[in-house]
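Chain U is already provided as a structure; the job is to place chain L on it using the hints.
Protein chains: 2
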Amino acid sequence: MTLTGELLIGGLGVSATAGSMKAFAPATGTLIEPEFAFGGPAEVDRALRMADDAFDSYSHTGLAERAAFLDLIADKLEAVKDDLAARTSLETGLPAAQFEGETVRTAGVFRKFATVVRQGRFLQTAIDPGQPGRLPTPRLDHRLQKVALGPVAIFGASNFPISYSVAGGDTASALAAGCPVVLKAHNAHPGASEIQGRVLQEAVAEAGLHPGVFSMVRGPGNEIGEALVDHPLVRAVTFTGSEAGGMALHRRAQQRPDPIPVFTEMTSVNPTFVLPAALAARGAEIGTTLVQRGMYNVGQACLKPAILLAVDGAGYAELRDAAVAEVEKWAARPMLTPGIHDAYVRNAQRHQDNGAALLGQGAAPAGEADGQALLLEVTGERLLAEPTLREEVFGPTLLLVKLTSAEEVLEAARAFRGQLSVTLHADAADRTAAEQLLPVLERRTGRIVFNAFSIPQEVSYASTHGGPFPATSDSRFTSVGMGAIERFLRPVTYQNFPDDLLPQPLRESNPLNLWRLVDGELTQR
Amino acid sequence: MTLTGELLIGGLGVSATAGSMKAFAPATGTLIEPEFAFGGPAEVDRALRMADDAFDSYSHTGLAERAAFLDLIADKLEAVKDDLAARTSLETGLPAAQFEGETVRTAGVFRKFATVVRQGRFLQTAIDPGQPGRLPTPRLDHRLQKVALGPVAIFGASNFPISYSVAGGDTASALAAGCPVVLKAHNAHPGASEIQGRVLQEAVAEAGLHPGVFSMVRGPGNEIGEALVDHPLVRAVTFTGSEAGGMALHRRAQQRPDPIPVFTEMTSVNPTFVLPAALAARGAEIGTTLVQRGMYNVGQACLKPAILLAVDGAGYAELRDAAVAEVEKWAARPMLTPGIHDAYVRNAQRHQDNGAALLGQGAAPAGEADGQALLLEVTGERLLAEPTLREEVFGPTLLLVKLTSAEEVLEAARAFRGQLSVTLHADAADRTAAEQLLPVLERRTGRIVFNAFSIPQEVSYASTHGGPFPATSDSRFTSVGMGAIERFLRPVTYQNFPDDLLPQPLRESNPLNLWRLVDGELTQR
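Chains as they are written, first to last, in my numbering: chain U, 27 to 551; chain L, 27 to 551.
I should point out that these hints are in silico values taken from the structure, not numbers from a laboratory.
Warning: the hint list may mix true and false statements.
Pairs count within a copy or across copies, as identical chains cannot be separated in the list.
In silico SDA-like links for lysine to any residue, alpha-carbon gap of 25 Å or less [stated by the list, open to error]: (1) K355 with I481; (2) K102 with G146; (3) K355 with E418; (4) K107 with R137; (5) K107 with P162; (6) K102 with G127.
None of the values given here were measured: they were computed from a predicted structure.
Next comes chain U alone, as it looks inside the complex (with noise of 0.2 Å):
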């Protein structure tokens, strides 16, 4: 596919308004090409408008009709896999084959949603027949159905160029749930982006929607995410990085005339608790599988098992220097963007200052942007003391926290704030200690991982990722899974309608087989 680094808007390639930039290369520290333009709050409106225009269709497509496009997505995402992972690596300086696998994964995405579409759960249809005789007053026919919010913003995130980018779960599940989307690109992959942009905006013509159903902007600084979330046209916005930047949506959206939902998936330690018996039992075995897990994507993934927590005992010293042995072994690799690393260094450092030690680290970096692998250990104490050991350090550091006591375990579980998952490594005879903790991960997480690790993350209909701030900016949703489309949904009940003026799935004859709550009881008919 050539790139044209045009903005995508509606079903057409638009020039830049605002400028333009090139990509970086993170392997090779220079600029690629082709120039990729910026567009403004110009662009955003008719992205906006033309999301608005095709939401009455969009959204009432059949849902045969609409599980075909999304099919349809799949079958082209794959199509361009191999330009999508080569260009994607260039970006990232990550290896292609990774790229390919994520394509095939994010395929994947799509066509689960396909299923989803078909089955119609997502509906969630109830029918309280009437009850004409009812007293003291009858009782009208109600019926009710889920519908689609309308256009949505999507803040493409960084760290996964493709299955939390474009064509990543967000945009799936805001398709699939009826919503257009106005794609904010990242300007860290602007070529991955467009690729991924224009396999959506073909799909969208092949399948003969309105061409306003999806739309890829792209812009220099704040600007243009602002214009989107201000727009009053958009009805939703998701948004997967930093805590601050996320909030920063989160609450504009607030100040709007007519606040809008906004989910953002922000920060997340992941922390590791291993109990005794299993710390003695596998304490090599976890600290190694640690270290390999957790240097995936560099250490640049949300779901990095960053903090490892374990009262020192039998197994300790054999966790520890697996997990040294380990870290010793990784190469450094280039990091997303300059920005990232110099963020990375510092926040390291940040640690380090702070009383962790540092028991191992990897290969020193060889370009300017590479992150080096590095293993912390601090003290119980120190981590309740200082806030800021609590807190993500984004890219190759893991922490090994050393505590004293079971008492201390839990303190320490207390201390977090809300997380995307947690893990807990027990065997049989840490069934009692095990049991206090749970409740109290429970509080704090979105998944509960036991005696396996966070990642890779699966994408099911059991999934959740997500989780009490600030994992995200709202615990009651999730943006991995099955489950990520009920963000884009919102229930309508029509009363006492004629059959003939019902949306098809709520007509008495059910003509979509679809299972429904009728009178509090789930049934087919």
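Same frame as chain U, but now just chain L:
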């Protein structure tokens, strides 16, 4: 029941720390005994610490135990029906019989949520079993259920002193979800609040639950509400009242260091569209019923059908004449508070200053705080030109809008902000116009009523009491109906857990016999 005027914190009655008040009896314009205690931030803190203490045990009660607790509240509410209705009548100037009915209906709501809890579908359990042989990576077992958010702050409403107040639907749904409640009583009905609060407090004790499960505070001015919204231990807020009040709380909560979800139900004019054939066939009947429903609760209802729109033609004069005749029968009746009365007079006058003509009125006020029934009429042109004519006048005023064309119907429909309900009267010959109008209405409301009226509100599985801003602050939720529980729940995934450490609803044997989503298919095994 003897009223003590105390705050109810945990299991205790607590004396005033910030002054006190007497209740106002609108029918006589006098203050009545006893003194009701005011508290401040210290009482809020005490209540929330207890609620937080109660959270772990209460949120983990078994479904049967929690359902029995809700049924007990229902029984105890019914047992105080006569006392509660009499006191509420005194404090509102509305007939006791109305509150006997409201008590019975509200007890019914607690019983319905007991059923919801027993059914356990609100847990939205999903199981994706492990697939150890999957390529390229095995799938670990994933199990999801919804869990309670934490302590909830509920602001009682002024206008429905039982169903939207202390023992109202917000409290029922939060307790059903497993959340302790700290309720801010509305000062318009302190005695009715105390009776309900004591019912809840006693039910907590009788059920053997932690006393922090329910507390009720009261204070002068906004300080106590702000303290509630700001408190670090509050995890969600609900509010029913004015747009200004609701938005102040919503925005305040988003400025917290950790923003929390706020559901505010604020303002709606519930537009009623009468299409030509229906107008010709049933104009008079619609006019009469409109006034009868519109004057319910002296027009102090969020679902009041405040604005009726129709194209001038056959049946319009009959509708207008019937409405005039009906409104002239209405005696002026005391409004809930002198402040609400003053705002009513001011806002009804504003409509007239903005071009609404007075078509008819009820009997002149006898008492100072009596609200006089008014029927106003305005052209479509004025309605479109003057936004305040599309805003709520809280009280017994209804507005007819005389339109000139089918195009003006659509234009007027598009001009409204978000609504709790909209109503469409249409006959077979109106079908094409109805089909054009329905998508426009669907975008603007949580409920569409067909050939019926927005009042009464049904509380069932298919109910929605929600809608786009400013009807509510988050259109994805409802505050009435079984779906109201979703405001207080969040998903948690348990990954790779041993069966005996899983929460009961997720165990392999399905001991609670729940409907569960297993590998994407609904099943009761």
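Taking the hints in turn, this is what the structure says about them:
no.: 1; hint: K355 with I481; verdict: within (20 Å within a copy, 71 Å between copies)
no.: 2; hint: K102 with G146; verdict: within (24 Å within a copy, 41 Å between copies)
no.: 3; hint: K355 with E418; verdict: within (23 Å within a copy, 69 Å between copies)
no.: 4; hint: K107 with R137; verdict: within (16 Å within a copy, 55 Å between copies)
no.: 5; hint: K107 with P162; verdict: between (64 Å within a copy, 17 Å between copies)
no.: 6; hint: K102 with G127; verdict: within (15 Å within a copy, 60 Å between copies)
Hint violations for this structure: none, all hints satisfied.
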